[in-house]
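J.: With these hints in hand, go ahead and build the complete structure from the sequences.
One line per chain: the protein sequences are U and G, in this order.
Per this note's numbering, residue 1 is the first one in the first sequence, and the count goes up by one each step.
Per this note's numbering, residue 328 is the first one in the second sequence, and the count goes up by one each step.
Hints are computed from structural coordinates only; laboratory data are not their basis.
Warning: the hint list may mix true and false statements.
As the list claims (entries may be wrong) - One-sided and incomplete, this derived list gives chain U residues near chain G with beta-carbon spacing under 8 Å:
no.: 1; residue: Ile87
no.: 2; residue: Tyr125
no.: 3; residue: Met165
no.: 4; residue: Ser288
Cβ atoms here follow ideal geometry from the backbone N, Cα and C, with glycine treated the same way.
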Amino acid sequence: MAENAFLGIDVGSISTKAVIIDESNTILAQEYIWTEGNPIGAVKRLLGHLEKQFDRTAWQIVGVGATGSARRLVGSIVGATVVKNEITAHAVGTTTFHPEVRTILEIGGQDSKIILVENGIAVDYAMNTLCAAGTGAFLTSQARRLGIEVEEMGAYALRSSHPTMIAARCTVFAESDLVHKIQMGHPREDIIAGVCRAVVSNYINNVGKGKKICSPVVFQGGVSKNEGVVRAFEDLLKCPVLVDEIGHLMGAMGAAILARRSLKRTVFDFSVGNMDFITRERSCGGCSNNCEVICVYRDGKMIDFWGNRCERGAAKLGGELSENSRG
Amino acid sequence: MRQQRKVALPRFGEYNCALKYIVEQGFEARCILPPPLSRRSEDLGARNSPDLVCTPFKTTLGSMIEALESGADTIIMVPGGCRLNYFGELQEQILRDLGYTFDFINLSMYNTGKKTDILKALKVMNPRCSMVKAGKALYDAAQMVEHLDDITSLYYQNCGFDPTGTYPKIYRKFLSDMYAAHSLSDIQEGFRSANHAFADVKLHKPHNPIRIGLIGDYFTVMDPFSNLELEQKLADMGVEVHRLMNVSNDMLRSGEKNKQASIFRFSEYSMGASSTTDIWQAQYFAERGFDGLIQVKSAFCMPETDIMPVLANLSETYKIPVLYLTYDSQTSDVGLMTRLEAFYDMVDMRKKVER
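T.: Structure (structure tokens):
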């Protein structure tokens with residue numbers, strides 16, 4: 001008899017992550033790949049990788065959790081039992097592995113969040129609102145400008161002893177400041193260390209504004225793999241910043257744990273990897289709102305839709321949906 | 328005989344029903360209802376507005392254009408405590424530059440504190456009408472606004488716990504009654520029957536439900552289109568949604584006399600517009616053990632931005648989480664849903680531990 005296992009998928013703007021865990025949260029398989037602007041393709045590739053790492057005779061996946069900005073789409077494709085926002089998923093994942101944590105810093109590709117925890121319960125959180133400054137996307141574009149890989153940035157930053165001052169208020173200003181400093185002949189190490197500091201001070205000033213950051217601090221998200229940013233956080237917060245080995249997978253982990261805790265059970269096999277999914281954006285046209293309704297098709301048949309603000313859209317598309325489920 | 332004027336006020340929540348009553352019953356002119364706010368209104372407004380002005384300016388301008396397209400020849404604009412006081416002047420100029428011909432009643436020019444001055448301004452609609460009749464209509468409309476606010480807050484406090492789905496129907500029926508009202512007794516009858524219908528619905532409400540208080544800038548927090556139906560979304564999650572910020576509480580009812588004095592520990596001076604009221608309401612909710620606060624504001628709203636540090640202090644003092652939401656002309660509510668769901672989860676988990 002195969003034992004129960006749970007899959008958690010976190011599809012972010014930049015990267016797609018997944019873990020498979022057993023009943024005691026031990027990781028059975030894990031994967032981290034780039035989304036490359038194609039969440040459906042990324043999930044299929046991801047499942048392909050996981051299938052190879054995973055012994056399907058010993059374990060059976062009975063619950064799937066989806067999170068990340070593409071959670072709705074991916075959730076309907078893989079038939080997730082739990083679809084949860086990434087803030088809750090991160091909080092659940094982190095407090096499971098670090099019950100003593102007080103502050104969770106998270107910097108992803110397009111967004112950043114801070115979660116304050118008391119006694120293992122999230123008590124306050126904030127997420128960047130209008131501006132994407134101080135996120136992974138900024139680091140990636142600056143690495144490209146400097147002609148290095150984003151993964152190498154941390155090592156460069158650690159070699160610097162005099163980080164360059166770079167304006168941190170806004171990505172656009174930071175970038176023009178950066179170009180100026182490059183043209184003034186600042187060493188590359190110092191500039192990269194300066195960029196890391198800019199990301200951190202932007203984060204503290206915007207997302208962390210008015211939040212009391214208490215130790216122990218856990219830092220996660222893709223950017224936590226950059227040692228330069230970790231160092232900059234430690235310098236600014238004046239306390240140790242813990243980066244978990246699986247910090248980049250914590251959202252997926254949280255989703256898997258939520259799937260485990262939920263009572264819903266559906267056996268998941270890897271067959272969705274071979275199915276054909278497309279999404280189409282349709283304009284509802286029922287009124288002048290012209291809601292953009294997202295329709296998901298599996299092998300040419302609609303399986304899900306969302307984005308309509310009122311029942312008019314639901315009535316229009318719901319008929320098509322129920323026909324498919326009948327046929 | 329001179330033709331009746333066709334008067335319009337830009338859409339603002341459901342308050343247009345009160346204006347319709349004043350215009351038609353008090354001044355015997357015709358009231359043009361602009362179409363409900365939509366992406367089109369927002370686009371029209373944004374295209375013709377200064378870029379960094381706050382969103383309510385754009386939405387109301389778009390609604391004025393739609394009112395003119397629907398045949399209005401007289402536009403009314405309201406005064407306010409912030410930049411809103413200048414909105415009318417600028418919007419009139421923009422509309423004239425676009426080539427529209429109309430009369431503009433800019434109430435901020437008559438905002439002298441004397442109620443009769445407002446009446447004088449409105450008399451432009453029909454100079455021959457009786458001032459007594461107009462005054463009576465203003466009084467009736469004030470009652471309508473109070474009933475509307477009472478029913479609306481009752482609706483959002485309870486509709487999340489209505490398993491039968493009749494709440495929205497009752498609310499819609501009540502709104503259409505208000506738009507159709509011809510007399511004070513129509514208004515009172517509509518109010519009574521909505522109240523009775525609400526009372527007949529058996530609610531499945533837990534003993535200690537999650538209660539969230541909304542505060543925010545005058546327009547965005549009250550207008551469901553502008554805040555992407557925040558109240559309905561919260562209610563659908565099973566939340567008791569409370570909002571004190573409405574026209575009745577702010578203009579018609581006396582309430583607490585010196586709000587600034589009672590929030591002395593958080594803020595000594597007023598920061599303009601809705602700031603003092605907002606802090607006072609936040610404190611009111613916090614003192615009554617609410618589970619969370621949501622601040623709803625339009626991007627670039629100065630008073631609301633200024634009170635954010637005060638709210639952070641308040642949140643610290645009362646241990647109440649605050650979610651800050653900033654709205655601009657957005658088309659998608661995915662980001663909003665992420666934040667709301669996370670906020671709900673957090674509040675819910677906290678509450679479970681407390682229990």
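J.: Please flag the earlier hints that this structure goes against, numbers listed from lowest up.
T.: 3
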